[in-house]
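Residue numbers (this note's numbering), protein chains in the order written: chain E, 509 to 872; chain X, 40 to 420.
These are computed hints drawn from the structure, not numbers from a lab.
Warning: the hint list may mix true and false statements.
Stated by the list, open to error - Each computed EDC-like pair below joins lysine to aspartate or glutamate, with the alpha-carbon atoms no more than 20 angstroms apart:
#, chain 1, residue 1, chain 2, residue 2
1, E, Lys835, X, Glu302
2, E, Lys869, E, Asp574
3, X, Lys311, E, Asp668
4, E, Lys587, E, Asp666
5, X, Lys216, X, Glu159
6, E, Lys587, X, Asp251
7, E, Lys776, E, Asp585
8, X, Lys220, X, Asp284
9, E, Lys580, X, Asp251
10, E, Lys617, E, Asp759
11, E, Lys587, X, Glu302
12, E, Lys587, E, Asp640
13, E, Lys580, X, Asp118
14, E, Lys776, X, Glu302
15, E, Lys774, E, Asp574
16, E, Lys673, E, Glu621
17, E, Lys523, E, Asp668
18, X, Lys405, X, Glu365
19, E, Lys748, E, Asp731
To be verified - Simulated restraints, written as ranges between beta carbons of each label pair:
#, chain 1, residue 1, chain 2, residue 2, range
20, E, Asp574, X, Glu302, 54 to 64 angstroms
21, E, Gln643, X, Glu159, 51 to 61 angstroms
22, E, Pro768, X, Arg183, 48 to 58 angstroms
23, X, Lys311, E, Glu868, 24 to 34 angstroms
24, X, Gly280, E, Asp574, 26 to 36 angstroms
25, E, Ser819, X, Lys418, 57 to 67 angstroms
26, E, Phe736, X, Gly280, 56 to 66 angstroms
27, X, Arg175, E, Val618, 28 to 38 angstroms
28, E, Val618, X, Glu279, 56 to 66 angstroms
29, X, Asn116, E, Glu765, 49 to 59 angstroms
30, X, Pro194, E, Glu868, 14 to 24 angstroms
31, X, Gly280, E, Gln643, 32 to 42 angstroms
32, X, Thr277, E, Asn848, 31 to 41 angstroms
Note that beta-carbon positions come from the ideal geometry of N, C-alpha and C, so glycine has one too.
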Amino acid sequence: MPNVIGLITCNYSIKHPGVLCASRPAASLPYLGRYRLVDFPLSNMVNCGIRTIGMVMPFNYRSIIDHVGSGKEWSLDRKNGGLFFLPGSAFGTSRAGARFLLRDLIANKVYFERSSSDYVVFSAANFVYNFDMAQLIDTHCSSGADITVLARPSAGTDEDIVGLKIDGERVAGIYQGVSYGDTEFLDCFVVSRSLVLDMLDWYAANDYLDLFEAMSGDFGRVDVRPLFFEGYVRPVFNLKSYFAGNMDLLDPAVAAELFPEGREIKTKAHDTSPAKYEAGSRVGNSLVSAGCRIFGQVTDSVLGRNVIVESGATVRNSIVLQGCIIKSGARVENAIIDRNNLIPAGTEFRGTPEEVLVKEKGSN
Amino acid sequence: MAKKECIAMLLAGGQGSRLGALTSNVAKPAVSFGGKFRIIDFALSNCANSDISTVGVLTQYRPYLLHSYIGTGGAWNLDEQGGGVSILPPYATQTGGAWYAGTADAVTQNLGYIEQNDPEYVLILSGDQLYRMDYRLMLENHIRHGADLTIAVMPVPWEEASRFGIITQDDDERILKFSEKPKQPDSNLASMGIYIFDAALLVEKLREDAIDQTSTHDFGNDIIPKLLAEGRRLYTYTFEGFWRDVGTISSYHETSMDLLGSEPAFDIFSSKFPIMSNASTRPPAYIGRNGNIDDCLVANGCQIFGTVRHSIISTDACVGERAVVEDSILLPGARVKDGAHVVRAILGENAMVEENVNLGSVDTTKDTAVVGNDVVVGKGE
């Protein structure tokens, strides 16, 4: 593989963040019990051999740094290369949609200048998939395109996803919001490092724009081509897709696709004991993380680390994040319970399958 | 290198032959325990939790898994500048080389490591014991007594006393007598095989022992009796808590089962003195619609579609539809296929029980069934 570095943007704002993102950037949103959204782009890059990754940080970066630390779990604690925390604009971009804000890239031009790599893989942090990025790089090298973007045919309407206007083999433009049959941009692309530096000069005057917006009149000059990814992809831009994405993984076939042998999704390691299922507990069709203690009933749900479900408590069709305690006799249904909440004994916290109820981060 | 107060020498070279199939291709300290740990995690975590950051790990028998598992020691916060974990296998010199011939000999062959670190005290540990212990308390005890050697001890049931090194002490915890596996024990205080030596004395005595033709080069058999005979200051440190040396399949099985129940005898949940491990990052366990789990530990990466009772299911293990697992331990990656029935059994790492096979017996007078690592049990076996 040619010499490639990565860049992950973690600082853009999304349009419908919901209360889960009130206190944290989307990149560090807990996902599937033990992961954070940023684990997916980080692991995808590392799994194809990339060992230098810059992360453009938001102002509320505490949870990201807490999670990735020195990058040890991704083999990024290195003498040469490794993890670079790059300062992003103070408040990201005010317009949802821009994932690769030029101002952020220009401010960190030195990251690209100091590298001796041939290519740069860019990714945002809101898509959940496990993709062998070597395919993207190989395709890019052999096609002769200037930029190769990762794409897939759209399966429905989604105003948060960027659409690609396709003209023959090439991308002719972008637009916000897709509908069935469109081509979705998976917010991931590869480009030569020299072209990155050129583009930062060309578009310097429009530094308030997203890189692809700035390119809008330039698709004739810059040869942008899509590579279609056919595997499992879950965009997470709002509570609905967050909930659905977690529930997708209750299907072992989907889980096997997202967590294949040999391409592990890496995450921060914890010294948590295995989950303990006490006598009389009942658990069905659920994902249960390490450190949980279950006395009651859990069905069709995803439990984060160290969740306690006391006897007589029931959790149904819900996501319960790390450190929550569901007290005896409490009922949690069609809900997302953010970290460190205590649901008092005998109480109910119930949404409907159509309208999932969310409890914001607690202080238990 | 700065002088250190205390370093640890961790003996991890043993085969653990009485663990049979479980140690056919890995050393005993590398045997999986408690769903996500390996036995050596306990000694390494105790060191880290006791602020002992220089640890020499003496390895010999089938060391690959152990070496790769320990790595740089980072998983136990032991990847420190000027210290950390050093793996010490037997090595050759200009005059030749030799295998480690006994516990004392293993340390003798690495006196250079001790001298290089120049500590005041040396803590000698076994890598195959399960317990949580703050060695700082033992060291305080050692210093308070002005001891030459302190041995950690614990009371054991009288009927088991003849399996251990038995210590008789005076009212001030000074050791009067040490008998290795006595037929007629006159005390039930057992040595745990955990020693703190005055470093200079240890070096001197091991040098003497090395040229003693009559010695078996063992701490319990040779070094300790000799120090006692010389009238040295030997003291005990009494440990109160859970401690097991899982020497046999049945004690391994029993100790594993001690992790279960609503108030387990061995509580590995406490985060105050965490047992750390070099665990792989696997997704949460998936419990299928017909999954039924009662009184069990289930690690990450598992898939449970059948019924599991009073068992330990380690990382990435799998129990198929209609399968039943009872009073058993599935080590990492073990698979019980659809319709199989596993009772009172230990399945080694990546072992497999084929569909509809019955393994093990509820009859407790029979031995626990053991399937070795990577072994497949099919019909008619």
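How the hints compare with the structure:
no.: 1; hint: E/Lys835 with X/Glu302; verdict: holds (19 angstroms)
no.: 2; hint: E/Lys869 with E/Asp574; verdict: holds (17 angstroms)
no.: 3; hint: X/Lys311 with E/Asp668; verdict: violated (44 angstroms)
no.: 4; hint: E/Lys587 with E/Asp666; verdict: violated (42 angstroms)
no.: 5; hint: X/Lys216 with X/Glu159; verdict: violated (26 angstroms)
no.: 6; hint: E/Lys587 with X/Asp251; verdict: violated (48 angstroms)
no.: 7; hint: E/Lys776 with E/Asp585; verdict: holds (13 angstroms)
no.: 8; hint: X/Lys220 with X/Asp284; verdict: holds (15 angstroms)
no.: 9; hint: E/Lys580 with X/Asp251; verdict: violated (48 angstroms)
no.: 10; hint: E/Lys617 with E/Asp759; verdict: violated (43 angstroms)
no.: 11; hint: E/Lys587 with X/Glu302; verdict: violated (47 angstroms)
no.: 12; hint: E/Lys587 with E/Asp640; verdict: violated (25 angstroms)
no.: 13; hint: E/Lys580 with X/Asp118; verdict: holds (12 angstroms)
no.: 14; hint: E/Lys776 with X/Glu302; verdict: violated (29 angstroms)
no.: 15; hint: E/Lys774 with E/Asp574; verdict: holds (15 angstroms)
no.: 16; hint: E/Lys673 with E/Glu621; verdict: violated (31 angstroms)
no.: 17; hint: E/Lys523 with E/Asp668; verdict: holds (7 angstroms)
no.: 18; hint: X/Lys405 with X/Glu365; verdict: holds (15 angstroms)
no.: 19; hint: E/Lys748 with E/Asp731; verdict: violated (35 angstroms)
no.: 20; hint: E/Asp574 with X/Glu302: 54 to 64 angstroms; verdict: violated (33 angstroms)
no.: 21; hint: E/Gln643 with X/Glu159: 51 to 61 angstroms; verdict: holds (58 angstroms)
no.: 22; hint: E/Pro768 with X/Arg183: 48 to 58 angstroms; verdict: holds (57 angstroms)
no.: 23; hint: X/Lys311 with E/Glu868: 24 to 34 angstroms; verdict: holds (29 angstroms)
no.: 24; hint: X/Gly280 with E/Asp574: 26 to 36 angstroms; verdict: holds (33 angstroms)
no.: 25; hint: E/Ser819 with X/Lys418: 57 to 67 angstroms; verdict: violated (41 angstroms)
no.: 26; hint: E/Phe736 with X/Gly280: 56 to 66 angstroms; verdict: holds (59 angstroms)
no.: 27; hint: X/Arg175 with E/Val618: 28 to 38 angstroms; verdict: violated (47 angstroms)
no.: 28; hint: E/Val618 with X/Glu279: 56 to 66 angstroms; verdict: holds (59 angstroms)
no.: 29; hint: X/Asn116 with E/Glu765: 49 to 59 angstroms; verdict: violated (35 angstroms)
no.: 30; hint: X/Pro194 with E/Glu868: 14 to 24 angstroms; verdict: violated (52 angstroms)
no.: 31; hint: X/Gly280 with E/Gln643: 32 to 42 angstroms; verdict: violated (54 angstroms)
no.: 32; hint: X/Thr277 with E/Asn848: 31 to 41 angstroms; verdict: holds (40 angstroms)
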